[in-house]
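S.K.: Listed below are the residues making up each chain.
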Amino acid sequence: MSRLSELEYLGLPPMKRHLYDIGQFFVRLPGNILNFLKKIPLGIWKCICAVGKFFAEIGHIFADGDWKTKLSFIIMGFGQFFRHQIGRGILFLLMEGLFVWFMAAMGGGYLYGLKDLGTQATIKTLNAYGLEVVEYKDNSLKILLYGVLTIFIIVGFIITWVINIRQNYTAQKLIEKGIRPKSFKNDIKSLADEQYYKTLLAVPLLGITVFTILPIFFMILIAFTNYDYSHLPPDKLFGWVGWDNFQTILATDASGSDKFAYTFREILIWTLIWALVATFSNYFLGMFVAICINRKGIRFKKVFRTVLVMTIAVPQFVSLLLVSKMFADEGIVNNILMQLGWIADKIPFWTTQDMARIMVLVVNLWVGIPYLMLIATGVLMNIPADLYESAKIDGASGIKQFTKITLPYMLFVTGPYLLTSFTANINNFNVIYLLTAGAPKTMEYQGGAGGTDLLITWLYTLTITNNDYKIAAVIGILVFIVVAVISLIVYNVSPAMKNEEDFQ
Amino acid sequence: MSKKYTSKSGKERTVRAIIYIFLTLLCVIWLIPFIYLIFQAFRGESTSMVTYIIPKEWSFKNFVFLTEKTNFWSWYLNTFIIALFNAVLQTVIVLCVAYALSRMRFKGRKLLMNLMLVLGMFPGFLSMIATYFILKLFGLTSENSVPGLILVYAASSGMGYYIAKGFFDTIPKSLDEAARIDGASRARVFFRIIMPMAKPIIIYTIMMAFIAPWGDFMYASLITFGHEEAYNVAVGLYKWLDKEHISNYFTVFCAGGLLVSLPITALFMSLQKYYVEGVTGGAVKG
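Residue numbers (the working numbering), protein chains in the order written: chain Z, 1 to 504; chain H, 1001 to 1286.
Fair warning: there could be bad hints in the mix.
Part of the chain H face toward chain Z, derived, beta carbon under 8 Å [said to hold, decoys possible]:
1. LEU1026
2. PHE1034
3. ILE1035
4. TYR1099
5. MET1121
6. PHE1122
7. PHE1217
Estimated spans, in silico, between C-beta atoms of each pair [as the list claims (entries may be wrong)]:
8. Z:ILE393 to H:LEU1084: 50 to 58 Å
9. H:GLU1177 to Z:SER190: 17 to 25 Å
10. H:THR1170 to Z:CYS49: 34 to 42 Å
11. Z:GLY395 to H:PRO1200: 40 to 48 Å
12. H:LYS1107 to Z:GLN401: 47 to 55 Å
13. H:THR1170 to Z:LEU174: 34 to 42 Å
14. H:THR1170 to Z:LEU337: 46 to 54 Å
15. Z:TRP240 to H:ASN1071: 38 to 46 Å
16. Z:ASN467 to H:ASN1071: 48 to 56 Å
17. Z:VAL241 to H:LEU1084: 43 to 51 Å
18. H:THR1170 to Z:ALA56: 40 to 48 Å
19. H:ASN1071 to Z:ILE75: 56 to 64 Å
20. Z:GLY87 to H:PRO1200: 40 to 48 Å
Output of the computed footprint for chain H on chain Z, the stretches with three or more beta carbons under 8 Å from beta carbons of chain H [unchecked claim]:
21. 327-339
22. 474-484
Hints are computed from structural coordinates only; laboratory data are not their basis.
Bear in mind that the values here come from a model prediction, so they are computed numbers and not experimental data.
Every residue gets a Cβ at the ideal spot worked out from N, C-alpha and C, and that includes glycine.
Here chain H stands alone, though its shape is the one from the complex (with noise of 0.2 Å):
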């Protein structure tokens, strides 16, 4: 490698050794709460917090404890319920709304953009206490929270539409004029013409649907308060970190983590590529 950069004067190669050294050093930074998770998730020996990182008994006994004596597989299945059909209605709904706001132009949509742009600005947590109770009157709330969840998520999603219709914008409009002189309907172009062009966009909503509800944890308290079996894994796992349980399952709770870590991050960096394409190209168009 040296006779590469022998012609590079001194004084660049000192810039890219303390660049190298920046870089590797933020890397560990980044990499060592993770490190920390799975050496605790796999530590045999006290379940509390300990004065060490590495573990002196490496044993699977975390993973039983949580098969066996928690909750935990059923937060999993719930959130999993949820983020599937989270996945689809969102994707759905997004879409339709970008595309509606995106190629067609009718009386009220600037006030519509509108509307839902001032409404994004309040807190999302206000509507909740309304929302609570507007579920329970469909007696969607304790131990039937799974559906009541899938449809607080999907409900408000239409307000998302940012992204998607920023993608929707920049495929050419002439694509549709000409289909619609052959004759095809709006709901054609729609399926036919702007979908398949639509990929990458389709994939990243789907992906984003898909992790959000992994992550939720204000949402999923207050619907599922009171019922531990309706849980969600965040705030399953939340609890078990307060000062009554983390001496008794703090290690479980790592355990629990790395079991919901492993598979969204496998999705997300299997599709980082639309990930990096959908969060560049939002914040470039806004």
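In isolation and in its complexed conformation, chain Z is listed as follows (with noise of 0.2 Å):
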């Protein structure tokens, strides 16, 4: 397709200019890549641009200061006193108070912690009748846990410490231009108006940061220690390792007598072919059922619909419980079809792998089919009729129609949706933790790993069943490299997902 200039564009009728993007968009789908792939090194320098212009700033300021506000890289607030801005001097001060007596009386020492995560796990001593008596001493897990805390509060104050010195210097200059600075009532007033969305966000974000990047965070530096099954606190400690955990599951000779690296591999396939049948099986099945339900003359749609959706309203673990037990061997399934004389033998729906992984494929289509067909036929709606209309006049059967409208008015619409379901079946614990719980297991694989597992389950039965923590966490790491490197290509190649001001 060649490109159009503006003003050509500009005078197609409506409809064929939607085509043309639609065209075009897949045209262009090869250089995106090519482009993406450039940006890379130009992020990292950016990044790099960004933190030596922080210095510089930081200098610059002190160096350009006055007196009060250079004493304020050491007394935080001691500048907006002078400056009538009282309020935010003592709330500035009160937080340097706070982190100076938290670092003296605590910080400090879960900092010194952190090198090795405790020198003695226990005290044994006899009492007076002879009994053992353990006292525990250092548990590496709360050395740990407090010393990622601290951290998060040293990172946190010297955010406020910048944020302190900036407010000096602009305050500086505005009395020097001589303007008066905002006085504390005006702060809390915009907290209402201009700076909303501080206060929109203010617990937002604590909650995230407390409850999702400190857990994540920990959890990456689990992955560089030996905190497993033997090295469980409190009656055991645990320590660095450095980098061999990843060994243990990058290593490329796979014949060793550890076979994690074998499992991981296997897993990591079994995942990847299971994300990508499972969205595309159900992407297209779940549009051909909502074409045929929004088909011209069909009746009862709605009851066709309602059916369908009862499967999403039912929790999954009533449904995909009752589903997985009603395959198993001496199931309902099994039962009937016996009874009824088709088979002679139980078939093993669960048991051997092939099966089960055909099994947790075709169930998933259960639950997923009437998702794909609300969002389907909500989409179908918006293609416009005219140009099916003028299709036909132009002779193209419906096959062709198809291909060539539906389809790529589908696929450019929900593009974004088809990666977020890609990811989201990457992690999609429920339905095979549920139908199989990764069963059946086998002896090839390590670490209570089965045919079914996605990495997602198999980082559960390594934490709850395995207590292998290390493990799990490196593996964790390693689904999130998997999944942002996806999502990344796809995030600069689809054109849906940039212009979020389109929109408006």
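With the hints as a guide, dock the two chains, each given alone in a separate frame, to form the complex.
M.R.: The following block contains the structure:
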């Protein structure tokens, strides 16, 4: 498809313009991917530049600031007291006081503990009756957790400190120009207006920091320790081991006695196959069902739709657990089939690897088709009807209409959804765990993994059943890398996700 | 009905017949598990799995058993409380984040959005162990896991702002600007203009936040670990289907599952319209 000039493009009727856009997207696809790859080094360079700029700014403020600003580098809030901003000054001073107190009383010790995560786990002594008494001393887990907390508090303090000196500098410049800086009262007021976003985001971001960022940081550190079933606090200590765990998982020599690398590779491949097949089978079959239901002249549309939507409504742990039992060896499906005389022996739905893999994909259709049916219905309604009419006049068959209009339109509009559902399928815990819990287990795999285990369910088994936290942490990080790389590529290539302002 | 369609060509009629057969078949397949669930829940004879579908003796035995011999209703209450609090907290948080990111332009906004996108790519379970110990620090695990679970669900819900933001993005900005020229603060615009217009998305968010805790197994199983009375329904019922329990508890599981599914399904079906709006809107806008 050749590129049109701006004028020609605007001259097109709206629906042709749309089709042209869709065509152009696919034409530009390879170029976009290339552009994305070029962006990576540029991004890294930008990061370095930003850090450099930051230090230059701090230096500039120190050089250019008056004595009040300079003193604020050490005593936070000092400048504010002399610039009609007493409220702010008190807040900053209070924060600095709290921080210094925390660091002196606890934080320093916590940070020091991070060095080796404890030296002695327990002291065993005999009491007066000759019985052994265990006194718990160092708990590596607590030491690590408190250490991470301290690091977060320090980072938070540094950010506050930078805000403090920046504000000082701004206020100084304002006074030099003869403008009175904002009072504390104005600050409070602006929290409901220009700075309303601060009010809105404060609590959510605190929640995310404490319950998402901090735990992730903690687990990343766990990946560099030997925290597992033989090093469980409080009885035992664990310590730093560097990149050992990554070597275990990513070892190229898969024949070794340790089969973690082999297991990881097999499960990663199955996870990707699962995500790909599950996403696209749901997508196309769901679309097909939607087209059937929405076909002109078909009645009882609402009935069909409601029945399908039931699967979304019923909690998955009820429906999926039940389905898994229905297909069990002694389950109802095998029994009925045998009573009907269709089969002589029980079909091992969950007990052989290939069969179990096919079954989870099939049952996943049962779960996924209704979602896609709903989404596809919404999109199909939005396709301009005149597109189909003109296609009909031109003599396009039903199949041609589908491949030339419906499919490109769907793909274009639901591109972002395809990506999110692909990554969601990589982390699809419920379907796999409730149906098979990873079974059938095989001796070929290490770490309690089974034939249908995805990385995420293996992660669950490793932590809950095997207490092999170090390996679980490594796998979690690798899952992140896989998801992030796929998302980054698609995100940078797909047009619909970039221009958020377009929708306004 | 034949009169209406006589003018149609024969080919069209066969296509329609095939579609009807296909869709009916589909519906039957989709309904079988639910019918099976109901039949098993009311089966009076034998509590294990049997080789036939239709029970020989209909009774409420399993429901009586649930009430008298198990902790089912305390699990139910736990889950209900969690769901209720989660519905309120999560909705407030999601709306706040969505409004701030959709309507206001501030330094670090893009960075924040990218950060949340990246955080969302970490498998949720990865953070569970540390979360568990943080909660333990506050004493919010095992017997106190109801507030603990509420905290966990609500705390990270800020990252699920996409659908609500997509909706806010479609409300014309000129409305805000007009109000602001008239002297309304951002807070006032949020409560007086955007909120009333966002009813569908508010209902959608409340509904999803209420339903999600009923099906959560992963988080609940870890945080309530080892304390049976603190389980939620998913963790409690899951135990009944393992090898030791299944022969005594299979029909009881079905009864419990039915009691959980009925209100949730009823709620979902009555608010289906909002769900469809949210899902299709979210899928199309990303």
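S.K.: It remains to establish, for every hint, whether it holds in the given structure.
M.R.: Each hint, compared with the structure:
Against a cut-off of 8 Å between C-beta atoms, the interface hint on LEU1026 of chain H holds, since the closest Cβ of chain Z lies about 7 Å away. Taking 8 Å as the C-beta cut-off, the interface hint given for PHE1034 of chain H holds, the closest approach to chain Z being about 7 Å. A hinted interface residue such as ILE1035 of chain H counts as satisfied when its beta carbon comes closer than 8 Å to some beta carbon of chain Z; here the least separation is about 11 Å, so the hint is violated. Annotation: TYR1099 of chain H was flagged as interfacial toward chain Z, and the flag holds, the nearest CB pair being 6 Å apart, inside 8 Å.
The beta carbon of MET1121 of chain H is positioned within 8 Å of a beta carbon in chain Z (closest approach about 4 Å), and the interface hint is therefore held. Hint status for PHE1122 of chain H relative to chain Z: holds, with the closest Cβ pair at about 5 Å, below 8 Å. The closest approach between the C-beta of PHE1217 of chain H and any C-beta of chain Z is roughly 6 Å, which is under the 8 Å cut-off, so the hint is satisfied. In this structure the hint that ILE393 of chain Z and LEU1084 of chain H lie 50 to 58 Å apart at CB holds, the actual value being about 57 Å.
The beta-carbon spacing between GLU1177 of chain H and SER190 of chain Z, approximately 18 Å, falls within the hinted interval of 17 to 25 Å. Roughly 37 Å separates the CB atoms of THR1170 of chain H and CYS49 of chain Z, a value that falls within the hinted 34 to 42 Å. Look at GLY395 of chain Z against PRO1200 of chain H: about 42 Å separates their beta carbons, and that is inside 40 to 48 Å. Between LYS1107 of chain H and GLN401 of chain Z the beta carbon distance is about 49 Å. The supplied range of 47 to 55 Å therefore holds.
As the Cβ distance of THR1170 of chain H to LEU174 of chain Z is approximately 39 Å, the hint placing it in 34 to 42 Å holds. Separated by about 51 Å at the C-beta atoms, THR1170 of chain H and LEU337 of chain Z satisfy the suggested range of 46 to 54 Å. The hinted window of 38 to 46 Å between TRP240 of chain Z and ASN1071 of chain H holds, with their beta carbons roughly 43 Å apart. Taking the beta carbon of each, ASN467 of chain Z and ASN1071 of chain H are about 27 Å apart, not inside 48 to 56 Å as hinted.
Checked against the hint of 43 to 51 Å, the C-beta distance between VAL241 of chain Z and LEU1084 of chain H comes to roughly 45 Å, which is consistent with it. The given range of 40 to 48 Å is respected by THR1170 of chain H and ALA56 of chain Z, whose C-beta atoms sit roughly 42 Å from each other. Between ASN1071 of chain H and ILE75 of chain Z the C-beta distance comes to about 58 Å, which sits within the given range of 56 to 64 Å. Remark: the range hint 40 to 48 Å for GLY87 of chain Z to PRO1200 of chain H is upheld by a beta-carbon distance near 41 Å.
Counting residues of the stretch 327-339 of chain Z whose CB lies closer than 8 Å to any CB of chain H gives 7, so the stated coverage by that chain holds, three being the minimum. As drawn, the stretch 474-484 of chain Z meets chain H at 6 residues by the rule of a beta-carbon pair under 8 Å; at three or more, the given contact holds.
Hints 3 and 16 from the earlier list are contradicted by this structure; the remaining hints agree with it.
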